[in-house]
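**Q** Here is how the chains run, residue by residue.
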Amino acid sequence: MRPLIRAGVVLFVVAFGVQPLAAQTADDFFNPGVLHRLELWMNQADWAKLKAAFQENTYYPADVVWNGITIRNAGIRSRGLGSRSSTKPGLRVDVNRYAESQAFLGLKSFILDNLTQDPSGIRENIANQLLTRIGVPAAREAHTRLYVNGEYAGLYGIIESVDKSLMGRLFDGADNGFLFEYKYQLGSPWRFEDLGRSLDPYKLRFGIKTNENKSDATIWGPIEELVRLVNTTPIETFEAVVGPRLDLAAFTRFLAAQNFIAENDGFVGYAGINNFYFYRRQDSSSHVFIAWDDDVAFLQSDFGITTRLEDNTLSRKVLMLPRYQAMYTDVLVAAAAASEGWMRGEIERLLDMIGEAMESDTNKPYSNQQHADERRHMLAFPDQRITYVRCEVAKQTGATRPPGCQ
Amino acid sequence: MKRVSLTAILIASFTATAAAQDRRGFVWNDRPTVVFGEDIDLEVRGRALVEWRRFDPEVGEDTFNLPTLRLGLKGELTRHFDWEFERQIEQQPDEEGVDRWQFGEWKDAYFRWRTLDSVRVIGGRFKMPFGLEQTTGVSDLDFAYRALGSTAIAPGRDRGVMVFGDPGPVTYEVGVFDDDGDNGQSNEPQFVQAGEDLEDVGPAFAMRLTGDLLRVLPFSGRLRSANIGVAYTNSNVPEGLNSLRGESFWGTADFFERVYVKGRRQRIGAQFDWSPGPTSLKAEWMQSREQRKEQSNRNQDLSDFVATAWYVSGTWFVTGENKDDNINPKRPLLNGGPGAIELTARIEQLGFKSANTEGTAFTNPRADHLRPNSDTVVTFGINWITTRWTRVIVNAIHEDFEDPNRAPQRGTSSFWSGLVRLNVVF
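Here the protein sequences come in this chain order: A and B. Counting in our numbering, the first sequence runs from 5 upward without gaps. Counting in our numbering, the second sequence runs from 120 upward without gaps.
Derived from the structure by calculation, the hints contain no laboratory data. These numbers were taken from a predicted model, which means no experiment stands behind them. Think of the CB as a built atom: it goes at the ideal place given N, C-alpha and C, for glycine as much as any other residue. Warning: the hint list may mix true and false statements.
Facing chain A, according to a computed beta carbon distance under 8 Å, are these residues of chain B, among others [as the list claims (entries may be wrong)]:
(1) Gln-414
(2) Ser-415
(3) Asn-416
(4) Thr-479
(5) Ala-480
(6) Phe-481
(7) Arg-485
(8) Ala-486
When the alpha-carbon atoms are kept at most 30 Å apart in a straight line, the in silico DSS-like pairs for lysine-lysine are as follows [what the hints assert, rightly or not]:
(9) B:Lys-412 with A:Lys-55
(10) A:Lys-112 with B:Lys-472
(11) A:Lys-187 with A:Lys-207
(12) A:Lys-168 with A:Lys-207
(13) B:Lys-412 with A:Lys-53
Stretch by stretch, here's where chain B covers chain A in the computed footprint (C-beta under 8 Å, at least three residues) [stated by the list, open to error]:
(14) 43-55
(15) 71-79
(16) 91-103
Chain A on its own, in the form it takes in the complex:
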């Protein structure tokens, strides 16, 4: 081919043909600003089996397609506790389950949340965005239309897995600490009381996700020690003794943030402690809480700012310290400030973005009317909550009450 013709062909292709894809990143994958489209390709028999045995954690292979990228032979399984569903299964996607070297945008896994417990479809997304804005460690989340074998399976949330990758992102690359997933024990609500010297009750509640090969004493010993010291240390020496074992400032932020978003099933939940990950930082004895699964947050705008804080041993003792008590109210005020002018607009944008996908989702366990009711509730929440929290903080601290207080 003559050079002139070759140059012409190249120019034509560049101008009218293949447009090079911009490099995709995990930020693009978890971008809450767009409604994604995710495709799963599974053998029909596997998809039928997964739905039939949705209570089991059996993995099945699947090809996952997003934005022109195909993950071949990822591992897929049903997930969740109360959210498990045979018609609209919540899914965990393990990118490297069947090939250790396989990665996807630096991620080893992610969650496809079926949103079955949240008729609004946006609670956890808004919660995680706000938590991140006020410095509480939380996963990233976006919405997607999910197609399984070419058929629309429903509106799902794409949630970042709480794993080593996330720890690296949250803690400046220090991803080799001990990560625990809190396992709620049905019928045995726990409020941080001392569970005794045996490690077994802690092994039951704190599922280890990293460094699994270490000894029980290395993994759970520091948790047992932390709980024991929280329960036995007098308030006078509490900060000095417990402080090195738990990031008290981060805990206070976590507690206040969960209260601001009216999370009724969180650390001071209605049935005891629930819904968090716990991370012992690399080369450290200090622990930090990571928010998770806030899909029943935004309960009501007048959710009391001290709701159940006294019921939980840890929150009660930490907030007995004036420094952390002040920090708690400061975070509430900061959350209100961070929400003002942002939260309502973001809620409205998300609801508009997912509206059609939600309405056409015939696998969801609630009606479109229920979604519409939740839309109204969510849109009304921010302004009412900001006002309520500011008024209650002013009442508690003796500051001048802002306009609108009752």
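Assemble chain B onto chain A, guided by the hints.
**A** This is chain B only, laid out in the frame that chain A set:
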């Protein structure tokens, strides 16, 4: 236990009846035998294999093991027919959960017409004609255990009908079987979706040709007595996690788990058996290919699933017994001799892979390119044949896995184990 008692009563009554007749009745012919007349008899057969084992590293197996305890009856019914029934005896929990000795799995249960050497017919449950070692009795092996391929690829027993004979220098065996052998049974109950029907397993077709084929070649020498054979099976495997699989030597872990298959399962095999004087040299190669129609993540066909195995083994009676004959010690232990002592060695491999080897390899059961894995085993042994009924086997076994992440202990690729076994067979 009731059945054991009934068998004993049956034998006793036969004995009493037969003893009344001249040259008939109960005789000891290497084993308890009841002779009813010319070419009509009944033999009582038993096998007990007891072993003591060590593992390094430990794989969680018991030190003492009783892999085989069987009782059987074998007999002739005129010169035209013979038959055999043999059943495993094992401990199984009763209704109250208490372990009790009782009859378990049927082994051989067949009836055979044998009037002509060139055409004989066998029907019932017996071994499909595939695999030199697999079709050798468990107490007649040169080693304590068969090579991996003989239990993973060779089909083993099944119900069927087979025509066989040796009209010339070649022996033929051709049969049709109900399923695909004990070693090739389906693992997963078929998952049927709305509108689909259950598919049947099998039938399987199997054939083998063996003979002293080197006799026709233009050279002389002892190699002319070598027996060579080829075998083939063909069956249909229903959709599911029903492929063959790779178990570690002791069966404690799968180094290659089953994959989804659907379609035809074919096996081909070749065998070599040469026993000059007190030595022997045996070798086998076998391969199975299983179709995976519509088994991809997108319901498309996948490349065939391929299992390949081979072994080469050698033995030498240092005490000089002839390997070809029934092994009877020249100087039995009971007569003050050393018994017969045989040195043995075997190297073998069993491996699994997909026919397609392009692109990234995966370990999931629907991957077109499956990440391969294999187990290579070397066995050294001593057989001490003390009497014609008893044998002590000492084996040292070294296993080496290609993929340490799919070994019995994740991350450990090599294992040593050893055993001392007592075989009592009559």
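**Q** Now tell me if each hint is right for this structure.
**A** Against the structure, the hints:
1. Gln-414: holds, 7 Å
2. Ser-415: It holds, given that the least Cβ distance between Ser-415 of chain B and chain A is near 7 Å, below 8 Å.
3. Asn-416: Cβ of Asn-416 of chain B sits 5 Å from chain A, so the hint holds.
4. Thr-479: holds, 6 Å
5. Ala-480: holds, 7 Å
6. Phe-481: holds, 4 Å
7. Arg-485: Where the cut-off is 8 Å and the nearest Cβ of chain A is about 5 Å from Arg-485 of chain B, the hint holds.
8. Ala-486: Holds: closest Cβ of chain A sits about 5 Å from Ala-486 of chain B, inside 8 Å.
9. B:Lys-412 with A:Lys-55: Measuring from Cα to Cα gives roughly 23 Å; hence the hint holds.
10. A:Lys-112 with B:Lys-472: Within the cut-off at roughly 26 Å; holds.
11. A:Lys-187 with A:Lys-207: Holds. Lys-187 of chain A to Lys-207 of chain A sits at ~9 Å (cutoff 30 Å).
12. A:Lys-168 with A:Lys-207: holds, 20 Å
13. B:Lys-412 with A:Lys-53: holds, 18 Å
14. 43-55: holds (count 8)
15. 71-79: holds (count 3)
16. 91-103: Coverage by chain B holds here, the residue count being 3 at a Cβ distance below 8 Å.
Hint check: no violations occur; every hint is consistent with the structure.
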